[in-house]
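Peer 1: Going line by line, the protein sequences match chains A, B and C. Per my numbering, the very first residue in the first sequence carries number 44; after that it's consecutive. Per my numbering, the very first residue in the second sequence carries number 5; after that it's consecutive. Per my numbering, the very first residue in the third sequence carries number 181; after that it's consecutive.
Worth flagging that the hints you see were computed from the coordinates, not collected in a lab. Hints are not guaranteed to be accurate.
To be verified - Facing chain B, a subset of chain A residues (Cβ under 8 angstroms, in silico):
| # | residue |
| --- | --- |
| 1 | L114 |
| 2 | V115 |
| 3 | R137 |
| 4 | R142 |
| 5 | F147 |
| 6 | G152 |
| 7 | R157 |
| 8 | E166 |
| 9 | P167 |
| 10 | I173 |
| 11 | S176 |
We put the CB at the ideal spot given by N, CA and C, even for glycine.
Each chain, written out:
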Amino acid sequence: MKKDVTADATVVLDVVNLVVHFPVRRGWRRRTVVRAVDDVSFQIHRGEIVALVGESGCGKSTIAMAVMRLLVPTSGNIVSGGQDLALLRGRKLRAARRRLQMIFQDPFGSLDSRQRVYDAVAEPLIIHRIGSSKSERDEMVINALDLAHLRPPERLAEMFPHELSGGQRQRVAIAAAMVMQPDLVVADEPVSMLDVSARVGILRLMMDLRDRLGISYLFITHDLATAWVVADRIAVVYLGRIVEIGAVTTVVGAPSHPYTRALLDVTDDDSGEQSLRVLKGETPSALQIPSGCRFHPRCPRYLELGGPDVCRTMDPSLDAVGEGGDDHRCACHFAKVST
Amino acid sequence: MWRGVWTDHMGRTGVIMLGFVLFIILIGPLIFPFNASAFGSSASSILQGPSRAHWMGTTELGQDVFRQFLVGGRISLYVGVSATVIAILLGTGIGLVAGYYVGWRDTILMRVTDFFLVLPTLPLIIVLAALFGQSIVVTSLVIGLTSWPQTARIIRSQVLSLRERPLVLRARSLGARDVRIMGLHILPNVAPLIFANLVLVLSGSILAQAALAFLGLGDPVQASWGTMLHNAFNSGAMSEGAWWYVLTPGIGIVVMVLAFSLVGHALDRVMNPLRRGAR
Amino acid sequence: MNVLNVHDLSVEYAMNPGVLRAVDHVSLVVESGEAVGIVGESGCGKTSLGLAIPLLLPANATIASGSIEVSGEQVVGRSEVEVNLLRWTKVAFIFQGAMNALNPLHRVDAQILEAISAHEPDVPKAVAYAKVVELLNLVGIATKRARSYPHEFSGGMRQRVMIAMALACRPALLIADEPTTALDVISQAQILNLLLELRRTQDLSLVMISHDLAAIKRVCDRIVVMYAGIVVETGTTDEVLGRSSVVASPAHPYTRALIQAHPSLRRERSLSEGLAGHPPDLSVAIQGCRFADRCPDAQSLCREVEPPTITVSPGHSATCHFALGEAS
Numbered sequence: 044m045k046k047d048v049t050a051d052a053t054v055v056l057d058v059v060n061l062v063v064h065f066p067v068r069r070g071w072r073r074r075t076v077v078r079a080v081d082d083v084s085f086q087i088h089r090g091e092i093v094a095l096v097g098e099s100g101c102g103k104s105t106i107a108m109a110v111m112r113l114l115v116p117t118s119g120n121i122v123s124g125g126q127d128l129a130l131l132r133g134r135k136l137r138a139a140r141r142r143l144q145m146i147f148q149d150p151f152g153s154l155d156s157r158q159r160v161y162d163a164v165a166e167p168l169i170i171h172r173i174g175s176s177k178s179e180r181d182e183m184v185i186n187a188l189d190l191a192h193l194r195p196p197e198r199l200a201e202m203f204p205h206e207l208s209g210g211q212r213q214r215v216a217i218a219a220a221m222v223m224q225p226d227l228v229v230a231d232e233p234v235s236m237l238d239v240s241a242r243v244g245i246l247r248l249m250m251d252l253r254d255r256l257g258i259s260y261l262f263i264t265h266d267l268a269t270a271w272v273v274a275d276r277i278a279v280v281y282l283g284r285i286v287e288i289g290a291v292t293t294v295v296g297a298p299s300h301p302y303t304r305a306l307l308d309v310t311d312d313d314s315g316e317q318s319l320r321v322l323k324g325e326t327p328s329a330l331q332i333p334s335g336c337r338f339h340p341r342c343p344r345y346l347e348l349g350g351p352d353v354c355r356t357m358d359p360s361l362d363a364v365g366e367g368g369d370d371h372r373c374a375c376h377f378a379k380v381s382t
Numbered sequence: 005m006w007r008g009v010w011t012d013h014m015g016r017t018g019v020i021m022l023g024f025v026l027f028i029i030l031i032g033p034l035i036f037p038f039n040a041s042a043f044g045s046s047a048s049s050i051l052q053g054p055s056r057a058h059w060m061g062t063t064e065l066g067q068d069v070f071r072q073f074l075v076g077g078r079i080s081l082y083v084g085v086s087a088t089v090i091a092i093l094l095g096t097g098i099g100l101v102a103g104y105y106v107g108w109r110d111t112i113l114m115r116v117t118d119f120f121l122v123l124p125t126l127p128l129i130i131v132l133a134a135l136f137g138q139s140i141v142v143t144s145l146v147i148g149l150t151s152w153p154q155t156a157r158i159i160r161s162q163v164l165s166l167r168e169r170p171l172v173l174r175a176r177s178l179g180a181r182d183v184r185i186m187g188l189h190i191l192p193n194v195a196p197l198i199f200a201n202l203v204l205v206l207s208g209s210i211l212a213q214a215a216l217a218f219l220g221l222g223d224p225v226q227a228s229w230g231t232m233l234h235n236a237f238n239s240g241a242m243s244e245g246a247w248w249y250v251l252t253p254g255i256g257i258v259v260m261v262l263a264f265s266l267v268g269h270a271l272d273r274v275m276n277p278l279r280r281g282a283r
Numbered sequence: 181m182n183v184l185n186v187h188d189l190s191v192e193y194a195m196n197p198g199v200l201r202a203v204d205h206v207s208l209v210v211e212s213g214e215a216v217g218i219v220g221e222s223g224c225g226k227t228s229l230g231l232a233i234p235l236l237l238p239a240n241a242t243i244a245s246g247s248i249e250v251s252g253e254q255v256v257g258r259s260e261v262e263v264n265l266l267r268w269t270k271v272a273f274i275f276q277g278a279m280n281a282l283n284p285l286h287r288v289d290a291q292i293l294e295a296i297s298a299h300e301p302d303v304p305k306a307v308a309y310a311k312v313v314e315l316l317n318l319v320g321i322a323t324k325r326a327r328s329y330p331h332e333f334s335g336g337m338r339q340r341v342m343i344a345m346a347l348a349c350r351p352a353l354l355i356a357d358e359p360t361t362a363l364d365v366i367s368q369a370q371i372l373n374l375l376l377e378l379r380r381t382q383d384l385s386l387v388m389i390s391h392d393l394a395a396i397k398r399v400c401d402r403i404v405v406m407y408a409g410i411v412v413e414t415g416t417t418d419e420v421l422g423r424s425s426v427v428a429s430p431a432h433p434y435t436r437a438l439i440q441a442h443p444s445l446r447r448e449r450s451l452s453e454g455l456a457g458h459p460p461d462l463s464v465a466i467q468g469c470r471f472a473d474r475c476p477d478a479q480s481l482c483r484e485v486e487p488p489t490i491t492v493s494p495g496h497s498a499t500c501h502f503a504l505g506e507a508s
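Work the whole structure out from these sequences, hints included.
Peer 2: Next up, the structure:
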């Protein structure tokens, strides 16, 4: 389906039917596929923070890598700034990268330990040949460092990553992302490797920058509580599919999908009872995705309803649910808004 | 880095030995005025033992062994360095490209590497010497061409692990070209490993050159230590009891190779994060 | 008799030059059947404290002072052989990331069997194997999966194997260092439920070291908050962290900041102020309160005088000049 590329100007990212399959060789001749991302669609509007929430291996990081074109998607459209990133190559792709920046999970591994902070932040400027003179670039770098609350910026610009704390390094990563004045920042678990007390500062900074500069975020996290305080909309991902998507207050307050419900149960730190109501079993491997609805083997609703055939045979589509209109959608044959 | 080498016992020994050897062969000829090729004036000056006039005795042609030793050392070093430069440049270049790009480029480059890995040095130099004559250029070339695969493999495996690091992903996400990533991000992080490997390749090259020269495949005009040994054997120095003729270049080779090896191994231990833990 | 009695313990690491005091005069008591959570951020000393108890500290660490009593037996100063008798039988330790410490070449049942044989060599193999199966069932792994290799298990299941291994010789005390950190949220919840159940059915005392307040709240009766090598607050989890019926009343500013920093689904969608800066450098002597630099309520007194440990209520104390609301 060819997406109309001239659509809504407030949409910063429009992912349509994204599929990422990795071919894998199992044994001598058998070739199968890891269906890491299996038909995912969502939009991000200007100034919006959309969180992709799910457990490790669910495909959320793969979605981030696909959006940033760090890998080539198997099929689907990734429309941003009037272009389909999935189709771009070479110079055009490089030019498109100006508007998309990424922040990685590992503050220790994502900065080159041999580069000073200045070099790390100036690198995108140099790559894209922005700034006609060194002093102009200097100014942009200092501004970016200041924006990220790395003060005094002149002194910090001369330091090396190993002289900084984890929180400071992430701020450098944020400064480097901001220096290009992007439309969208993809943040892949930006705080999960930081100490708890450092997390707040980073999250706050990210939200401040959104408020001031109108930057949108695709925020990847496994922690529902973090998404709760940061995101405007949440998409819950399970085994390569979005199973529920909607405004954060709706999804957390009145979840429709049993998996969302399960995540909420374990994240809620004060449910009153000591023992948690927990899903049984483990998430299956992406090599052997269950037939029909991929969640049915673990789904409490499936058991409650006596194991209906449709869950085993038909893959539910992400349909609107509740009174939110198209805003709140859930992929379940028996979707209902819980209280 | 150097402090690490110094604290390591073997490394310290190696550095001291190296300093001594390099001093002798680089500065030596300037200090000691003996003329290496001057032939002896009479038959009585042939194969003389060490004396006031000739510190290390004379050769079968009445030449001063010590002076030859000083000059010969330079040749050995020169060939060693040239061969190492060839090996490191080729090895690093191929290792870098193979490790970074993976896929078909990697496969092809690795098969080429395997080919050169199994090339036997001796027959190759005999053939090339027959074609192009014996010279230090040919020797350097051969040793370099047969040494680079080892470097390539080491560099490649390091690059393979580096390319998965978030910092490379980040550079790619910024839109950096491959050449920039390889040159700016990967190469500097591989540099310590290259350096450690370089020293080891150097010691191996010197030994290889000495061996080839000993077998008579070296440059006859530019007499290296190996050539000295070659001449010594041919003139029957051993049976004559002219130990000074054999021992001088022999010990020279051993000391120089050992010195580089010790330094190289100490460097490797300092650089290689995997082996650091074993200390 | 208390299952664990740590008194005035100090652990130092040899740096080049000087030493770094990672644990500074810490005392800790665990009663029989109790679960104590030690919480703090990286570098606070909680792991060093945990490792010190079964004397599993790395080679460059020494116990500078204090005593450690496990089930009444003194540990400090004993020989390696003597302490080895205590390990696994009286106190078991689950390392951080232990799930990755399983030998990939051996089946899971063989590895647990090895642990049993090492400490109880006289037990006949058949009996020991029966015990292995019993332990695996105890942690929720079906008998038919006993002969699997570690890589055939997920992270959560491997952690269960580690727990089973730790319980092999029925220790009175289990020390778990970040038992749920590398796991998915659902697996984390499963492991926490397991720990709760084991406490109940096996009469097990537990020391859980974690940076995750929610996990400690779930499992532990008491909480010990560490910062920069010292204990800054200790009390029941109900009192310090609160529960649905009890309001949280942390007495130390750091504890308050930690609680605030954990976003909660129950609270409003807002971020707390957060803590600027980072923990002090422990290789340098610190004057006054260690937390003064980052404390929002710091006064000049805090930077000059080391704060005393003040009892806020029975069983609840905090190391702060203003623990009771005003300087004492």
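Peer 1: Answer holds if the nearest beta-carbon of chain B is closer than 8 angstroms to that of S176(A); otherwise answer violated.
Peer 2: Violated, about 21 angstroms.
Peer 1: Taking 8 angstroms as the limit, does the beta-carbon of G152(A) come near enough to a beta-carbon in chain B?
Peer 2: 4 angstroms, holds
Peer 1: Does the nearest C-beta of chain B fall within a distance shorter than 8 angstroms of the C-beta of R137(A)?
Peer 2: Hint on R137(A): holds, closest Cβ of chain B at ~4 angstroms, below 8 angstroms.
Peer 1: Using Cβ atoms only, decide whether V115(A) comes closer than 8 angstroms to chain B, and label the hint accordingly.
Peer 2: 12 angstroms, violated
Peer 1: Checking hints one by one. Is R142(A) an interface residue toward chain B, by the C-beta closer than 8 angstroms rule?
Peer 2: With a closest approach of 11 angstroms, the R142(A) hint is violated.
Peer 1: Holds or violated: the hint that L114(A) contacts chain B, with Cβ atoms closer than 8 angstroms.
Peer 2: 10 angstroms, violated
Peer 1: Do the numbers back the hint for E166(A), that is, is its least Cβ distance to chain B under 8 angstroms?
Peer 2: 6 angstroms, holds
Peer 1: So, as I understand it, the hint says F147(A) touches chain B; can you test that by seeing if any CB pair is closer than 8 angstroms?
Peer 2: 5 angstroms, holds
Peer 1: Classify the hint on I173(A) as holds or violated, based on whether any CB of chain B lies nearer than 8 angstroms to its CB.
Peer 2: Because about 12 angstroms separates I173(A) from the closest Cβ in chain B, which is outside the 8 angstroms limit, the hint is violated.
Peer 1: Can we keep the R157(A) interface hint, with Cβ of chain B closer than 8 angstroms?
Peer 2: 5 angstroms, holds
Peer 1: Could you check if P167(A) really has its C-beta closer than 8 angstroms to a C-beta on chain B?
Peer 2: Check passed: Cβ of P167(A) comes within 5 angstroms of chain B, closer than 8 angstroms.
Hints 1, 2, 4, 10 and 11, counting from the list given before, are not met by this structure.
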